[in-house]
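The listed protein sequences derive, respectively, from chains P and L.
Under my numbering, residues 1 to 407 are what the first sequence spells out, in order.
Under my numbering, residues 1001 to 1150 are what the second sequence spells out, in order.
The set of hints was computed from the structure by calculation and includes no laboratory data.
Please note: incorrect hints may appear among the correct ones.
Claimed, not checked - Under the rule of at most 27 Å between Cα atoms (straight-line distance), these lysine-lysine pairs were calculated in the DSS-like manner: (1) L/K1137 with P/K347; (2) L/K1003 with P/K319; (3) L/K1048 with L/K1087; (4) L/K1114 with L/K1140; (5) L/K1003 with P/K391; (6) P/K347 with L/K1130; (7) P/K347 with L/K1129; (8) L/K1003 with P/K347; (9) P/K347 with L/K1114; (10) P/K17 with L/K1003; (11) P/K108 with P/K154.
Stated by the list, open to error - Restraint ranges, calculated between C-beta atoms of paired labels, are given here: (12) L/M1125 with P/L405: 17 to 27 Å; (13) L/R1016 with P/D11: 44 to 54 Å; (14) L/S1036 with P/R87: 17 to 27 Å; (15) L/L1004 with P/P14: 31 to 41 Å; (16) P/L56 with L/T1103: 48 to 58 Å; (17) L/M1125 with P/V255: 51 to 61 Å; (18) L/N1144 with P/Q187: 53 to 63 Å; (19) L/M1125 with P/P14: 21 to 31 Å; (20) L/P1023 with P/K138: 34 to 44 Å; (21) P/L405 with L/A1117: 23 to 33 Å; (22) P/I184 with L/P1023: 49 to 59 Å; (23) P/E327 with L/L1053: 57 to 67 Å; (24) L/M1125 with P/R87: 26 to 36 Å.
Note that the structure is predicted; figures quoted are calculated from it, not measured.
Built from N, CA and C at the ideal position, the CB exists for glycine as well.
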Amino acid sequence: MRFDTFGAVRDQFPILKNCIYLDNAATQMRPEFVLKDVHDFYRHENANPYRGMYKLSENATETCDSARIAVAKKIGAESSSQIVFTRGATESLNMIACAEGEISFYGKEEWAISIDNHHSALLPFVERADANNIRVNKIIPNKNGEITPKALKKALTDKTTLVVIPHVSNVSGFPNDIEAIADIVHQIPHCALVVDACQSVGHLPIDVQEMGADYLVFSGHKIGAPMGIGVLYMSKACQDYCFPYQLGGEMVDEVHWDNFHVTDAPLKFEAGTPNMGGIVGLASAIDFRSAVGESRIRLLERELMKPLLSGLRAIPGIKVIGSPLPEFHTGIVSFVVDGVHPHDVAKILDSDNICVRAGYHCAQPYLEHLNYNGCVRASVAYYNTHEEIEKFLESMDAVRERMGLFE
Amino acid sequence: MSKLFYGAEILEHANRPIHWKEPPEASIKAHGSNASCGDSLTLYMDVKGGMILNASFTATACAVAVASCDMMIDRVVRDGTFHVSAKYALNIVEAFERLMDGTATEKDKQSLGKSIAELESIRIMPSRKKCALLAWKTMKNALNEVIENE
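Here chain P stands alone, though its shape is the one from the complex (with noise of 0.2 Å):
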């Protein structure tokens, strides 16, 4: 299938045609093209993989083995026997904090976390090191939203073991630069790099061996797969040490009464059936947006990044939230409008039918810190159009008045 007129494009989400939608940091919306190959893989493929010694079983291992390609090949990863599937980031992220948490030398080890982390980046690895005696160092980006190599050392001490940064905040969209990060982390004896590439799958490059990243997360949904999968990318050190976050089905060779042998990675991290339906939605994806071009996408989102952030910084009374220069919002610009709640911002924009975010978006302790009480968010994708952005700005340019506030 070719994609190569925007409308073609386009029509693969025919729900565009009854809003505006600007949350795409929330979820992406899934074209037909995705659609098609989950309902066929249930319709006529549908069995579990690794298991039968039928040939639909033995067909949906292939489709699960491809799967794995797939993403590997899209996050530059060595082998496909590094990309483990889980429900979602949040779940890869829990299982990292697990799996890091178990090994930890009691009192011995530091952490360093990001501040302007998704709640999901941040709760699972305060909770277990506050369970393991870990001592956790923040890391404070800076007014942009950048971490910094000034703000990373200052959090790293020679007891650091584990950093957690995002890739691209889902606040200030600031697209970290990892590789320096990681130089930096790598500095460290046995400390582990933790990226969430939530915010960056779908719209920048990503290369897990070039970057250096130890642990790598990202959620399906982001990039318009199912809701319901994710993927944890691990180095082999890493996939070697930990051990599984669940037991059960499938990751083990042999099981007795009084012990059992865990299989080798990725399936070692794999318990229970798969989310097939997921995975095929997710490599469907994939394929779609090669279909449109990735470079094209970018490209795409580039454009309507510009006329998005100098109209929203033009109106006044609004603020927003991290670099004034659009290269540095990776398809999110978060705002503040003076005397009118996020709340109410979003539900003015939902009256002409746009849809935006509004709140902390799982970062209150980042907009804590920046001391806003929550801001609203819009989001752009490559399928958004520059009417709809004009659109959205002639609505945000009514708000205040909308709310009795006359300049």
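Dock chain L against the given chain P, drawing on the hints supplied.
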């Protein structure tokens, strides 16, 4: 000119709340919040012998929550000239809860007054109903404690 998003009464109380004040002292300080949307407010009350002498509030909250709180204090407590009992105030609060549930009687609506009636339109928006109820639930918890301690 753009159409106002809320009714005039709600906007007036939201933008220029009469009872917005953090007093230097208050015998009761009650905090309420909606975790899902981040609205939070603090009610300050002077209570003596089961009678509410005064009340005010501060908040970090949406227009509906702020307006609702201001209207509530306006209705439940009159500063200076008129003291109400905690039990009387609780009856008003419960009438408002019935209004938001859609089970208010005519007597409830009359007791709440015309301006609070404007909040009834919020009832049909599930995501905003809890904003409207926040102050009243906070007040109810505080009043129940006052009555218990009498």
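Hint compliance check: list the failing hint numbers for this structure, sorted ascending.
none
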